[in-house]
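Sequences and hints are given; from them, build the entire structure.
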Amino acid sequence: MLSSIVFIVLFLAAVGFFTRNVRRLVRNIKLGRDVKVDDNKPQRMQNMLRIALGQSKMTVRPVAGLLHIVVYVGFIIINIEMLEIVLDGIMGTHRLFLDFIGPSVYGVLIGAFEILALLVLVSVIVFWVRRNIIRLQRFIKPEMKGWPKNDGNLILYFEMVLMSLFLIMNATDPAFQALESGNVVSGFIAPLFNGMEAGTVHLIERSAWWLHIVGILIFLNYLYYSKHLHIILAFPNTYYGKVSPKGQLDNLDAVTNEVKMMMDPDADPYAMPEEGDTAEEPAKFGASDVMDLNWVQLLNAYTCTECGRCTSECPANQTGKKLSPRKIMMDTRDRLEEVGRNIDANKGEFKPDDKQLLGDYITHEELWACTTCNACTQACPVSIDPLSIIVEMRRYLVMEESAAPTELNNMMSNIENNGAPWPYNQMDRLNWVNE
Amino acid sequence: METALKVKTMADFMAAGTQPEILFWVGSAGSFDDRAKKISKAFVKILNKAEVDFAVLGTEESSTGDVAKRAGNEFLFQMQAMMNIELLNGYEVKRIVTCDPHSYNTLKNEYPSLGGNYEVVHHTEFIKELLDKGRLQLEGSALAGKRITFHDPCYLGRANSVYDAPREVLSKAKAKLVEMKRHKQTALCCGAGGAQMFKEPEKGDMDVNVLRTQDALATNPEIIATGCPYCNTMMTDGIKAHEKEASVSVWDVAELIAQAAAL
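First to last, the protein sequences are chains A and B.
FYI, in the numbering used here the residues of the first sequence are 1 to 435.
FYI, in the numbering used here the residues of the second sequence are 1 to 263.
These are computed hints drawn from the structure, not numbers from a lab.
On a predicted model such as this, the values are computed, not experimentally measured, just so you know.
Dumping the calculated PhoX-like pairs for lysine-lysine here, alpha-carbon to alpha-carbon at most 25 Å:
hint, chain 1, residue 1, chain 2, residue 2
1, A, 41, A, 57
2, A, 57, B, 184
3, B, 203, A, 141
Shown next, in the form of structure tokens:
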């Protein structure tokens, strides 16, 4: 009885705290500008099913992809067992489903969970080795120092401990072992406890059971503070991801209106806006801070799990430039978190803090190193678009601050003056025919 | 002596009261860059040989604004785009072919929402069409058995998923195609895109084009083929950086096909 109350209190607290963080997450994402994403619904649904649910882009790198699928499938399937654990916890029962579905079906289910748990454990250990012993290039880039590195390892430790606890809890359950059905992995662990007193074994079983469920509740609430949010956000992110050709950049509507007015000989530059004309002058062109980006770009930032496939494919990064598409996403997320904390601390209002994404997080040097080649967007397994953020910030630099590199300013004034990026006369455009 | 190139302008067609089959968008590089002008000429030779009734805009053509857009200058891009669209729509242009994947991408993807709706094809796609329809024959054997590796331009490949046309065209010319380790979706950029062509690279330990040429040289090719004037420049410079200009040359697909057709 007491244990049921303790369980219910813990469970509700965990769910409550998680809900609070989800609200905060949604609020932060909504700080972004609105963007039209209600088009191509069948295509978007298909992308989500194929890329997020079907993990289609993970297997481009076969080793990591296969291991990831094991952990992903394990995570989803083993969660079925969570239902029994939660119900047992609330009602004070033990292996509630055993009586309902009978030992043979129950055994098949638990047997599958145990095999997956073992596979997940092995995969996670390999992941840890890749990060810490082999030290794959993409995991030791400059932006991965400190918290991002610890975050990555913490997630792996969480999973190692949770899987071990699940197997131990089965191994130390004599009644379950006696069934000889479903203990395919734990049956090999059980003999380790053979010499112990029944009371001690029971205590270990209870401890493992409680640590396992508490661990899961903690892990659930760890998500918000971690790159691991991708397990949820990969789904909306692939749905809202780009559906137009990769090469297509959006045309800024605000600019279109101004250009049309400039080119219309009948336009009155001093005309007052028409009555009921609600089209507001945008605060600025391009983006210098997270609020200037659209909400899909902010969703992208929270979805990024820092795998670094983008950065390892980036031509600028491969040739030693400062640009790292992953860092663009991490910076965007970190700044957005900072803005969110600012809002929390100031009763729901953002108080200017003399900081912004451009300059304080992302440097000009990084932005100008991009070749817009789309290697990063191609590599991302969850449809994140770092390129769109880079272009948005270049727009701010050029249109609001005239801060392009000198050579680019020359190129642009050539286009303005003679319709080509080089200083050649437009009247000479056809000379090549007779040269 | 070479036969003179036959190039008519949209204004010529207009004056005659006729419409061309297709508009050849030459682009700024194709008009002014010394290396790229040779690509324009080779492509015109092919068009002439296949008796394609094409036009150019000539002195009325102006930058698509693509490079300004990638540099962040949306104003300049849209100014250029709207001027060009006014011109193209005035001539009732329906179909456009270009040798420049950057122009291709912008005309195809970014002009429609500004009022410019055209069918846009890359010259490698158009050449494939000419070959498929039997309008162009490859009589010569200039490319037969030649080891050629094709470098995918980002704005043709990843940006617009055109991977097969240039390869099929080269195969038809009996070239021996060898693929770089990273090709098609995973091809490495030449380093020119996103306005990099017009500026010095940021500080690093290598230039992108040198790295990409390394990929190409690893296939031990006689020829590096590409389908973009900017890639062409970058790969040519890369070959020089590796001091391989004596044994490996860089050509556009149009130039290679012109050779294979004995033009």
